[in-house]
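Trainee: The sequence shown begins at 1 in our numbering and counts up by one.
In short, the hints are calculated from the structure, not lab data.
Be aware that one or more of the hints could be misleading.
Stated by the list, open to error - In silico lysine to aspartate or glutamate, DMTMM-like type, Cα no more than 20 Å apart, as pairs:
id: 1; residue 1: 60; residue 2: 24
id: 2; residue 1: 23; residue 2: 44
id: 3; residue 1: 18; residue 2: 95
id: 4; residue 1: 23; residue 2: 150
id: 5; residue 1: 19; residue 2: 150
id: 6; residue 1: 86; residue 2: 158
id: 7; residue 1: 78; residue 2: 89
id: 8; residue 1: 77; residue 2: 158
id: 9; residue 1: 23; residue 2: 41
id: 10; residue 1: 8; residue 2: 128
id: 11; residue 1: 114; residue 2: 97
id: 12; residue 1: 23; residue 2: 128
id: 13; residue 1: 87; residue 2: 73
id: 14; residue 1: 19; residue 2: 97
id: 15; residue 1: 18; residue 2: 150
id: 16; residue 1: 113; residue 2: 26
id: 17; residue 1: 23; residue 2: 125
id: 18; residue 1: 60; residue 2: 16
id: 19; residue 1: 18; residue 2: 97
id: 20; residue 1: 86; residue 2: 97
id: 21; residue 1: 78; residue 2: 125
id: 22; residue 1: 23; residue 2: 142
id: 23; residue 1: 114; residue 2: 95
id: 24; residue 1: 87; residue 2: 24
id: 25; residue 1: 114; residue 2: 16
id: 26; residue 1: 113; residue 2: 150
id: 27; residue 1: 78; residue 2: 158
id: 28; residue 1: 113; residue 2: 97
id: 29; residue 1: 60; residue 2: 75
id: 30; residue 1: 8; residue 2: 75
id: 31; residue 1: 19; residue 2: 128
id: 32; residue 1: 8; residue 2: 24
id: 33; residue 1: 8; residue 2: 26
id: 34; residue 1: 81; residue 2: 142
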Amino acid sequence: MAKKKIQKTNAIRLVEQKKIAYKEHEYAWSEDDLGAGHVSEQVEIEPARIFKTLVAVGNKTGPVVAVIPSDHELDLKKIAKVSGNKKVEMLHLRDLEATTGYIRGGCSPIGMKKLFPTFVDASAENFEQIAISAGRRGLQMEIAPNAIVELTRGQFAELTH
């Protein structure tokens, strides 16, 4: 039987354009459970290697992107400092798609509408590969943390408490 063709997202197109190695993981998702624990079980990757993409808004820079371990919380003071803002607050969920081109549960740091200042938690450097959203719900991509930094022109930083 032919393998079902996975619909390419902006994130996957960009990774393939740059000829960066990655691995797709498709899984069943539900509106009630977009959490990392569920994702971890479905794709059989330990939670420490599953990273979530959060978008905040800085008082000087506008949107800033944080890629952090899914089992941690973003420290707004740390991302404010590293991004050159005095104050940072989370982007309203209703503004997520208009700002990034992605929806909640399917937001990838790669392939957003614009290249926003992007920070990947320093803990990602402990892994050869981490899993991030591939740009839609139910699709994760395993990719080298350095590749995320390269594709987003981002940097590693301490982002969690």
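Trainee: Are the Cα positions of residue 23 and residue 142 separated by 20 Å at most?
Mentor: holds, 5 Å
Trainee: Taken at face value, is the distance from the CA of residue 142 to the CA of residue 81 at most 20 Å?
Mentor: violated, 29 Å
Trainee: Would the hint linking residue 18 and residue 95 be met if the CA-CA limit is 20 Å?
Mentor: Since the Cα atoms of residue 18 and residue 95 sit roughly 29 Å apart, the hinted pair is violated (cutoff 20 Å).
Trainee: Sort out whether residue 26 lies within 20 Å of residue 113, counting only the CA atoms.
Mentor: Violated, at about 23 Å.
Trainee: Can the restraint linking residue 8 and residue 24 be considered satisfied, given a maximum Cα separation of 20 Å?
Mentor: Distance of about 11 Å is within 20 Å: holds.
Trainee: Assess, step by step, whether the Cα of residue 19 is no farther than 20 Å from the Cα of residue 150, and give holds or violated.
Mentor: holds, 12 Å
Trainee: Is the hinted pair residue 8 and residue 26 satisfied, with a Cα-Cα distance of at most 20 Å?
Mentor: Since the Cα atoms of residue 8 and residue 26 sit roughly 12 Å apart, the hinted pair holds (cutoff 20 Å).
Trainee: When you check the alpha-carbon spacing of residue 78 and residue 125, does it fall within 20 Å?
Mentor: holds, 18 Å
Trainee: Quickly compare the C-alpha distance for residue 78 and residue 89 to 20 Å and report which way the hint goes.
Mentor: Holds, at roughly 12 Å.
Trainee: Given the proposed pairing of residue 78 with residue 158, does the C-alpha separation stay at or below 20 Å?
Mentor: Roughly 7 Å separates the two Cα atoms, so the pair holds.
Trainee: Can you confirm whether the C-alpha distance between residue 23 and residue 125 stays at or below 20 Å?
Mentor: Satisfied, since the Cα-Cα distance of roughly 18 Å is no more than 20 Å.
Trainee: Under the criterion that the straight-line Cα-Cα distance not exceed 20 Å, is the pair residue 23, residue 150 satisfied?
Mentor: The hint holds at about 17 Å.
Figure legend: structure checked against the earlier numbered hints; hints not met, in rising order: 1, 3, 10, 14, 16, 18, 19, 20, 24, 30 and 34.
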